[in-house]
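Make a model of the complete structure from these sequences and hints.
Listed in order, the protein sequences are those of chains A and B.
Start counting the first sequence at 571; every next residue gets the next number (the working numbering).
Start counting the second sequence at 571; every next residue gets the next number (the working numbering).
None of these hints come from the bench; they were simulated from the model.
A few of these clues could be false.
[Stated by the list, open to error] When the alpha-carbon atoms are kept at most 30 angstroms apart in a straight line, the in silico BS3-like pairs for lysine-lysine are as follows: (1) A/K897 - B/K649; (2) A/K709 - B/K649; (3) A/K594 - B/K864; (4) B/K829 - A/K641; (5) A/K612 - B/K864; (6) A/K649 - B/K572; (7) B/K709 - A/K821; (8) A/K649 - B/K709; (9) A/K864 - B/K572.
Number of protein chains: 2
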Amino acid sequence: MKFTCNRDNLVEAINVVQRAISGKTTMPILEGILIEVIEELKMTANDLDLGITYEIPAIIEEVGSVLVSSKTFGDIVRKLPDIYVTIETSEANNLVIITSGKARFEISMMDIDEYPQVNFIDEEESVTFENEILRSLIKQSIFATADDDSKPMFKGVFIDKEGKTVNFVALCNSKMAIKHTSMENEKEFKILVPTRILNEVYKVLQITNENMSMAWSKTQVMFYNSHFKIISRLINSEYLKYRDLIPREDKLRVVVSTKDFLHAIERSALVMQDSSKYPMVLTTDMDEIVISAKAERGHSEERLPAQVNGSSLTIGFNTSNFIDCLKVIDDETISLHFTTSLGPCIVRGEEYDDYVFLVMPVRLKL
Amino acid sequence: MKFTCNRDNLVEAINVVQRAISGKTTMPILEGILIEVIEELKMTANDLDLGITYEIPAIIEEVGSVLVSSKTFGDIVRKLPDIYVTIETSEANNLVIITSGKARFEISMMDIDEYPQVNFIDEEESVTFENEILRSLIKQSIFATADDDSKPMFKGVFIDKEGKTVNFVALCNSKMAIKHTSMENEKEFKILVPTRILNEVYKVLQITNENMSMAWSKTQVMFYNSHFKIISRLINSEYLKYRDLIPREDKLRVVVSTKDFLHAIERSALVMQDSSKYPMVLTTDMDEIVISAKAERGHSEERLPAQVNGSSLTIGFNTSNFIDCLKVIDDETISLHFTTSLGPCIVRGEEYDDYVFLVMPVRLKL
Numbered sequence: 571m572k573f574t575c576n577r578d579n580l581v582e583a584i585n586v587v588q589r590a591i592s593g594k595t596t597m598p599i600l601e602g603i604l605i606e607v608i609e610e611l612k613m614t615a616n617d618l619d620l621g622i623t624y625e626i627p628a629i630i631e632e633v634g635s636v637l638v639s640s641k642t643f644g645d646i647v648r649k650l651p652d653i654y655v656t657i658e659t660s661e662a663n664n665l666v667i668i669t670s671g672k673a674r675f676e677i678s679m680m681d682i683d684e685y686p687q688v689n690f691i692d693e694e695e696s697v698t699f700e701n702e703i704l705r706s707l708i709k710q711s712i713f714a715t716a717d718d719d720s721k722p723m724f725k726g727v728f729i730d731k732e733g734k735t736v737n738f739v740a741l742c743n744s745k746m747a748i749k750h751t752s753m754e755n756e757k758e759f760k761i762l763v764p765t766r767i768l769n770e771v772y773k774v775l776q777i778t779n780e781n782m783s784m785a786w787s788k789t790q791v792m793f794y795n796s797h798f799k800i801i802s803r804l805i806n807s808e809y810l811k812y813r814d815l816i817p818r819e820d821k822l823r824v825v826v827s828t829k830d831f832l833h834a835i836e837r838s839a840l841v842m843q844d845s846s847k848y849p850m851v852l853t854t855d856m857d858e859i860v861i862s863a864k865a866e867r868g869h870s871e872e873r874l875p876a877q878v879n880g881s882s883l884t885i886g887f888n889t890s891n892f893i894d895c896l897k898v899i900d901d902e903t904i905s906l907h908f909t910t911s912l913g914p915c916i917v918r919g920e921e922y923d924d925y926v927f928l929v930m931p932v933r934l935k936l
Numbered sequence: 571m572k573f574t575c576n577r578d579n580l581v582e583a584i585n586v587v588q589r590a591i592s593g594k595t596t597m598p599i600l601e602g603i604l605i606e607v608i609e610e611l612k613m614t615a616n617d618l619d620l621g622i623t624y625e626i627p628a629i630i631e632e633v634g635s636v637l638v639s640s641k642t643f644g645d646i647v648r649k650l651p652d653i654y655v656t657i658e659t660s661e662a663n664n665l666v667i668i669t670s671g672k673a674r675f676e677i678s679m680m681d682i683d684e685y686p687q688v689n690f691i692d693e694e695e696s697v698t699f700e701n702e703i704l705r706s707l708i709k710q711s712i713f714a715t716a717d718d719d720s721k722p723m724f725k726g727v728f729i730d731k732e733g734k735t736v737n738f739v740a741l742c743n744s745k746m747a748i749k750h751t752s753m754e755n756e757k758e759f760k761i762l763v764p765t766r767i768l769n770e771v772y773k774v775l776q777i778t779n780e781n782m783s784m785a786w787s788k789t790q791v792m793f794y795n796s797h798f799k800i801i802s803r804l805i806n807s808e809y810l811k812y813r814d815l816i817p818r819e820d821k822l823r824v825v826v827s828t829k830d831f832l833h834a835i836e837r838s839a840l841v842m843q844d845s846s847k848y849p850m851v852l853t854t855d856m857d858e859i860v861i862s863a864k865a866e867r868g869h870s871e872e873r874l875p876a877q878v879n880g881s882s883l884t885i886g887f888n889t890s891n892f893i894d895c896l897k898v899i900d901d902e903t904i905s906l907h908f909t910t911s912l913g914p915c916i917v918r919g920e921e922y923d924d925y926v927f928l929v930m931p932v933r934l935k936l
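Here it is in structure tokens:
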């Protein structure tokens, strides 16, 4: 095997596929990157849960394939002196030779016969998302998943396609997000996609302008564009009737600046040593919303101008649940909808109506 | 006590004095910041080894002083919404009230009577350094100190003033730095100043254009400008006859690009899992210097164009010792001076002659 390629392209490919390498694998073979040169240069990594391939252009002198340590190979390539890099194998010595400018490295091959194949699914059942749209579908849903070892349902985003509308839904014990968009395609399906693959897809969407397609089978989901493929198992779990969680009507409606509200909540958490242990308290006062907190470090209170409609209410929330929501909102102003001090707060944009967030309150000690 | 000041000035003052607060103190009182308002607003922190005060302008309504938790106070002030902040005490409730815009915080006072005074020394024995010059004196010496629990002598910079020349000298088992400059002042003195105070002085020199003075007694050293003071104990230790460590003559002299040499050494370390365990090897070949290494991950070799004068040599070095040296050099090219494969390498600038660095080799296995 021998090829020459652009160093920065190679670094990009390594950075993407390395995300399929888990730092704590017990199988050393999974710390390898598979380099295959046939008609293109293709790099692959996988940890049995997640598999990624990435193709980049190369001047190919000799086809072949080799498995190298992802860490060693990545560390070296990132620091190469020249913009071009030539990689060739010396089969006799079991070595991979990396040259760039006047620098030359020899590293050992890993045993390619031991490497578990990644079986990408075919693309019969598929839909294509515009880059920007898929980014916002992921960004405005994934924050509501849970990252601890909770119910399987909480660890993924439920993609629920009904007619021309696709909903990205995520929820956990304390919050829920529903983000939707309309598509040309009328195919209907419901799949529960693990958080991890969506995080990686999101990162790739940021380094390219290309649109991204999604294909799926009964057990797997794959995202792909012209030079990138990522595959993961689906989560096998029932999903909640999520729309039923949103109250039909509200008793108090508050319109407030998203940024000011976010910053006031962040400040209220400053009096808490551990913000998961203390609530912030929201109340309304004429045309103001009042954010206050009392904890080990002291007491805080901040007033923000707001449009207040309905009966007044005192309600407590965990600050980080609200902060997670507000951070992914692009609208300048939002409306908050309340029922009782034990009912959820519904957050909607004033400008965009393609998302609904729900935040559960915490019971205040009297 | 009551005053109003600019939030960003207050943040700057907190950031500077907080560096005297050790994260692992066993005396909770030393986690406090002392705020004193007399004619100016003065903030102080100390951990018994190091004391810092910083003064900023304020509109003073009522003089007084208070001790607050550095962490709580700092976290709150950094996030305040308005550019102005008013701080007042409520003696009856033992509270400090912080208001800024529509945000208000109440935090508790710490017991000011328990707080150990910082005794700054008077300024009889003192010299003044230009800002830029003191920065480079510190930067080009301090890297050669040792940060582990080694000999006291290795943990400070020896400031050796002879006639009009001041030398900043640092050394440890593997390297030495001598940086000098000339001053108007002819006062002679020798003091061994702990690394820690110089690191903090360096940071303050970066946020101001002001020059910095240094005063000292038999046991203490203080650096100060118009609004900042920092004091520390001196290290009580003999110092080596450091000039004797530099060989009188050399047998090989190599002139090379500083940046290319640095990057080649960094790359050679990429084949090592732990760069402290393997040497890089330097040899010369006609008009090239060859940097190579062999370790667990493989083999590397890089050739750089160089002016080579003298008899050839094969010599090993720990990469990080050389990297530390090269990183603080501003010259585009340097000259490396060698005697034998067990003698030190002397590094000098081609453009500036106000520093000499020494790097000890490691013995190569044959």
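Problem - Hints not upheld, ascending by number - result: 6 and 7
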